[in-house]
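S.K.: What follows is the residue order along each chain.
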Amino acid sequence: MAVEMGLLGIGAGLALGLGAIGTGLAQQQIIAAVFGAIVEDPKQFGKGLFFILLPETLVIFGLVIAIMLMGRM
Amino acid sequence: MLKPESMSKLFVAGPKSALPKVVSRLHELKVAHIIEHKKDKFDICQPLKDFDRISSLLVQLRSTISHLGINAEDAKLKELKIPQIEKDFQVVKEEASQAVELLKRIEDELSLISEQKKALETLSLLHLSPDLFRKSRLITQFFGYVDSSELKHRLHTITSRFEIKTEQHDKKTLAAIFVDSEFSEQFAKALAELSFSEIDLSPVKELRGNSKELLERLSKRHALLETQLGSAKKKIASISKKHSTFLSEAEKFMSIEAEKSQIPLSFGSTRETFFLKAYIPKNSIANVKEQLLKASGGRIYAVEESIGHDEDIPIKLNNSRYVKNSEFFTKLFALPKYDEFDPSALIAYTFPLFFGFMLGDVIYGLITFALFFYLKKKIPAGRQFFNMMLAASIGAIIFGFLYGEFAGLELYHFWIERTHDFDALMMISIIAGIIHVNFGLMLGFINEYRHHGLMKAANAKFSWVLLQIGGVLFLGPLLSMLVVSPILFYLGIFLFVIAVIMLLKAEGFTGIMEIPSILTHIMSYARLMAVGLASVFIAVMVNDLVTFLFHKGMFFWPLALIALVVGHTFNIALGILSPSLHSIRLHYVEFFSKFYQGGGSEYRPFGAEKEKSLI
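Each protein sequence line maps, in turn, to chains A and B. Just so you know, we're using the numbering used here here: the first sequence kicks off at 1 and counts up by one. Just so you know, we're using the numbering used here here: the second sequence kicks off at 1 and counts up by one.
Treat each hint with caution, since some may be false.
To be verified - Some chain A residues flagged as far from chain B (calculated, every beta-carbon gap over 10 Å):
(1) Q28
(2) A37
(3) L63
(4) M73
What the hints assert, rightly or not - Going by beta-carbon spacing under 10 Å, a handful of chain A positions derived as facing chain B:
(5) V39
(6) K43
(7) G46
(8) K47
(9) F50
(10) I52
(11) L54
(12) V59
(13) I60
(14) V64
(15) M68
(16) G71
Rather than coming from a laboratory, the hints here were simulated on the basis of the structure. These numbers come from a predicted model, not from an experiment. The C-beta atom is built at its ideal place from N, Cα and C for all residues, glycine as well.
Starting from the given sequences, assemble the full structure and let the hints guide the process.
M.R.: Next up, the structure:
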């Protein structure tokens, strides 16, 4: 039983952590591009902020899975 | 409310003699969106006859205004006469240009003197006078910094027919070299190799005499000019104060006159007549027609034209006072097309709802409310956005009471305890997603039905609804998340297959590829829970840290205070940024993709001032 619980815990951690890494990888490129755009035209700030946010879906899905797994512990 | 305002198209034709009257009446009415006439069989109309005079006066006015540093933006519009403006402006221009020229002369001389002083100061380090650097046929001079110890040695290898004077300055060697012009090229090459950086002595070329004395003289002149500069600036300030009202009012009036006088460039014409086409809101077209006829003394012909199928009709959004605020978000995405739904009314209520659900804290809500109230007063151009954020803050306060949350402290338990009831939060989020997405599909269905008929609408939009029902009924039991009777299970499979076939018909293979997107779009609403949890847990952590520090003893109290302020400020900043962006994203990505394309062009009535906005 203890092993199973541990595996669930590791699974939950991986789901959240890997999701976060994915978001980070995507955001690093988007943020670089957005800052380039803002330097050219400061009015792009709002739109840029919005694009930065798009890949956060990944970490949110990770969190959902983590919570679902924790519900089984 | 959900539709942009209905537009009609007006065609007006008349003799050119009636043109000025028609133009100025159109300008007063401020409702006609003029359609630009492209040159075809009919030529483009000429601007009104005063155009050149008006635009040249306007250019001069603007240049004087900018020279005098007047802020002409908030001028009131006053009815003025052009000849009178010209007469008055002539006097002002004379006065202003004299003062501005004087100022410019003083500034030029000042900048020359400071360059001269700099050069002389460097020269005086070597006790040299500028005379020595006069252009000569026999001797070539070099003056500048060079960072090499082997300078002299190197130069000696070329010739000994030179003089050199050096001095250490700023950790570099300042050198003046005088050489027989015969060797000038070789010297220049050698110096370049030693990375010689020349000092420009051209400002002092004309000066004669000893560097020290020259410096003294220049300093005196500099001081004198400084006082003159002060008085010249004062003079300009007084001129600008005296005439700022006249100038800004004249500028405002003249820019309107300029706008009027050049609008005929968008009209078509024959030798003796002009004609124009304009979009006008349906409910004011009768009035416009009547007014134009009256203004021209009945000498024009005005008739409503039917609007063609693929015309780019300008969009005037038509919303109630509250919903107007969310037009900001609609415009940020794209204006709707003429026959599309205007989603502003939908954003206006769900944006604050989602924001409130995520932030959900009474204290935070009050703080953001105060902040945006202040910003609204401070930045009037962002009024629409800040009003939306005020509504969102109210949402946060309401949800704060429902959660019983006050800056992360759960004071009472009324509905949901966010730090524990993850499942309930997730359930609510997903249900919100299902409702929102399917509402979007319904709007998409209506759109499709209007354009392509029932069959296409059912295939393209209703199939997604069937897909959801079928998917739940047969995937639920397979993933052992749901127990249903076998009949329902097989019905689920049947519905799913039907839906896939419908999609294949409507959108082809890409439709099949898109199938998982319905799931991800609904699951995406889990961010309502996730962003909220992040916010509440940061608040709880800050509070825990503060309590911990507080119990450690008196000495830690200041630290506790800092942790309290910094922690919550940080969390509020995140709490504004994250929920608002995630809320608007749910609209743009998950909701709009079901029914909204956008791409309409803005309604810009002739004569109306452009509203100030953040976008």
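S.K.: Hints the structure violates: just list their numbers, smallest first.
M.R.: 3, 5
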